[in-house]
Amino acid sequence: MTGLEHFDAVVIGSGFGGAVSGYRLAEAGLSVVVLERGKAYPPGSFPRNPADLGRNFWDPSAGLHGMFNIWSFRGLEAVVSSGLGGGSLIYANVLLRKDEHWFVHHDPFDGGYETWPISRADLDPHYDNVETMLNAQRFPFESDGYGIAKTKAMRDAADGLGLEWQLPPLAVTFHNKDRPPVPGEPLADREFPNLHGLPRQTCRLCGECDIGCNYGAKNTLDHNYLSAAKHEGATIRTRCEVRVIRPGENGGYVVQYVEHDPMNEGRHTETKQLPLVTVTCDRLVLGAGTFGSTYLLLRNRSAFPSISRALGTRFCGNGDLLGLMVETKTGRPGHERPRRLNGAEGPVITSAIRIPDGSDPDGQGRGFYIEDAGFPEFAGWLVEMTQAGSRASRVLRFAVKRLLAKLTNDPRSDWGAAISEALGGAELSVSSLPLLGMGRDVPDGNMRLNDGRLDVDWTTESSQPFFDRVEQTMRDITEYLGGSFQPNLLSYLDRVISVHPLGGAPMADNPADGVVDAYGEMFGYPELYVVDGSAMPGPVGANPALTIAAFADRAMDHAIEHASAGRA
Amino acid sequence: MSGETRIRFTEEMKGHVAFGIDDPEEGRDAGAADRTSFMFHLTIETSDIDRFYHEPEHEATARGWIECDQLGGRLPVSQGVFNLFVAGDTPRQREMRYRLFFTDGVGNPLTFVGVKKVEDHKGFDVWTDTSTLYSRVLQGHVTAENEEMAAVVAAGVLRILKRDFAKQVTTFRASGPSLRAKARGFLMFLGLFGGRLFEVYIAAPTEEEGP
Ligand SMILES: Cc1cc2nc3c(=O)[nH]c(=O)nc-3n(C[C@H](O)[C@H](O)[C@H](O)COP(=O)(O)OP(=O)(O)OC[C@H]3O[C@@H](n4cnc5c(N)ncnc54)[C@H](O)[C@@H]3O)c2cc1C
Ligand code: SF4
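Taken in sequence, the protein lines are chains A and B. Using the working numbering, the first residue of the first sequence is number 1, and each one after it goes up by one. Using the working numbering, the first residue of the second sequence is number 1, and each one after it goes up by one.
Since the hints were derived computationally from the structure, they do not count as laboratory data. Glycine residues also receive a C-beta, built at the ideal position from the N, C-alpha and C atoms.
Each pair of labels, with its calculated beta carbon distance range:
1) B:Met39 x A:Gln472: 46 to 52 Å
2) A:Glu270 x B:Glu26: 35 to 41 Å
3) A:His558 x B:Ala33: 29 to 35 Å
4) B:Met39 x A:Ser306: 22 to 28 Å
5) A:Pro262 x B:Gly140: 36 to 42 Å
6) A:Pro487 x B:Met39: 39 to 45 Å
7) A:Gly233 x B:Ala151: 32 to 38 Å
8) B:Ala33 x A:Lys272: 29 to 35 Å
9) A:Asp455 x B:Ala151: 25 to 31 Å
10) A:Thr132 x B:Met39: 50 to 56 Å
11) B:Ala166 x A:Asp457: 31 to 37 Å
12) A:Lys272 x B:Val81: 28 to 34 Å
13) A:Gln166 x B:Arg159: 55 to 61 Å
For reference, chain A alone in the conformation it holds in the complex (with noise of 0.2 Å):
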């Protein structure tokens, strides 16, 4: 094909499989273009007025090109992200490596069947590799101004209960180098430049980190890996979503997108009636995420013929569940008054409590942690959006746009009144504090083609024992502070919501089991990799993000590798 623009690399995503995808090829020499959906999000461009925040979803077709994408099925609702930068945008920061008893074999339990066919072992010089970039700290919780309530009452909650208590690493710059950790401080220069040209500084402790960091002090994708990748000559183009992929006559790969105009912003522009753009590459780099991914192999099933009858499947919510403990208490029996725990301050996520798996020496069952979700706003948030949505519709997005309409028109309502009455009044106080629970939960469910739109058969059925002691241990946390606990606020409908969707183009070591090996690079397809929370073949267990970047790094190891071997 002549005339065409062509790479030695196209990566279609900018999450943490496709910026660390982009960021090494280019690294190595390769000439690379990443492709993303989303928009650029530099500080201080993230919207926090009412009327902003309820346009800030992902629905380009109804003229809506933000960084909230909902979907919504039967067993489930997921959040995932569109932007430059991807999940990390909206992410809460936690870089939890995955547990080395947890990378399973043909797991026994409950019927699931799940094998993992790398180690941590394996991924360990990666995350090593990832921690670095993203410039990992841990909360500094013993440091003055930084000893804050909601993360002593999950440490205290752990002690009494003699649970295992950790600050995790987090991808927040709390301290410069060398330096004690001071709110609000200028950030010292990376040794490439940043692509957004624009101060940073470090935390403040706003507890705004899932709807994005104005301040800059979140180490999201943009500020590190795309802007390294940038510097190293990468292209990256943003508002471009790839609708096409196929392999090309003559080997490579030919990859076809759709531009989102600014423009359209805000005007019913039906994405399948944009003209496409063609280009062409000799090594495909997918890392469109886990809905993102499996959707585009779906739908571009035929070009691949030999593809994995795998595919679609071992799809999980990495066993979110989400809990809220309301009206916690402090005191002496009889003298109780309510404990402040002030989920508004502090990152969103500043602790993890990690409860053991049948496969780790001390444990049994299905292991898991449970975080501090710290973010009154976007829980509440969250929760509307999710009740209206099962009430009203299956279509959760509608609902969103409903209320957010009815939020909007309203000049006089405020976000955070607004959110407490739809939770009925005060639930949502300075003694309240959801919890964020994720573990292994089993991988059986399916992803597929209906009516042209991504469906996913997976519900808590098979995993409800698991879920049972993910609310039981909530449960004894809540009680312990003196409150009480709200359960999964879906948990009447069976359904749960996932912020870490994982599975459909699983890893395997044959291709009767996976879509793709151990380096993410598709059986029968040479050179095209997938990197991002789809290659999968199970829950995490732990935050999925630092796992999911360090599989890429691995795979980029090999694709390098790979390339270099083509040239010689």
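Given the structure of chain A, go ahead and fit chain B with the ligands onto it with the hints provided.
Using the frame of chain A, we list chain B with the ligands on its own:
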């Protein structure tokens, strides 16, 4: 008025296919297990039923659509042909072949090829066998000569239900030089699609006595 008998009818067949499997029967089972449905709705028209019957190169046209969620929903057939081949040693063993060009939801060209056996011998389950279409979806728009080389995207088996066949009969239209010709066209149609082998009674002179 010309001497040919034209016939036209609408046919709908449904079943399961599976991706990544080449064999239609295996594909049917795997496709049923993972609920991958496939159907087509075709209006088949031939300008001359006699030539259609006797000359394999005389093709009937097929217009309509294919529906398969996994390929992108309802997909129009851009070009479709349908013909009758002698497939065995005797004219009683015949094959009906469907070849439908279409594109999937993102624009990849595909070809549906289906084969139905039409036979007449003892022990042959007339209804079951003549209502079974062994089907494959191939990559590209491929002609019969290139079929061997084409990659198989999916395979499975489509059926026509008796109830749907009754509906199909009501869509039958014939035009011809005489009432008798039209009636004969109708019988040929019934024979081909209904499983009653007309040839024994009406069309081909038989080299042995019919059943
Ligand atoms: C509220 C929230 C909090 C979270 N907190 C944490 C946490 O603390 N720790 C943690 O480890 N994980 C957390 N996660 C999960 C984490 O964000 C995801 O696991 C991670 O982002 C997945 O990485 P990925 O590379 O698979 O895909 P993503 O990060 O989702 O990136 C995919 C990218 O591809 C783009 N894309 C999709 N389709 C196309 C297309 N067709 N063309 C072009 N581009 C496309 C998307 O816009 C997106 O930018 C959180 C998630 C949410 C929603
Ligand atoms: S708490 Fe505020 S300043 Fe700190 S990382 Fe989160 S959003 Fe940024």
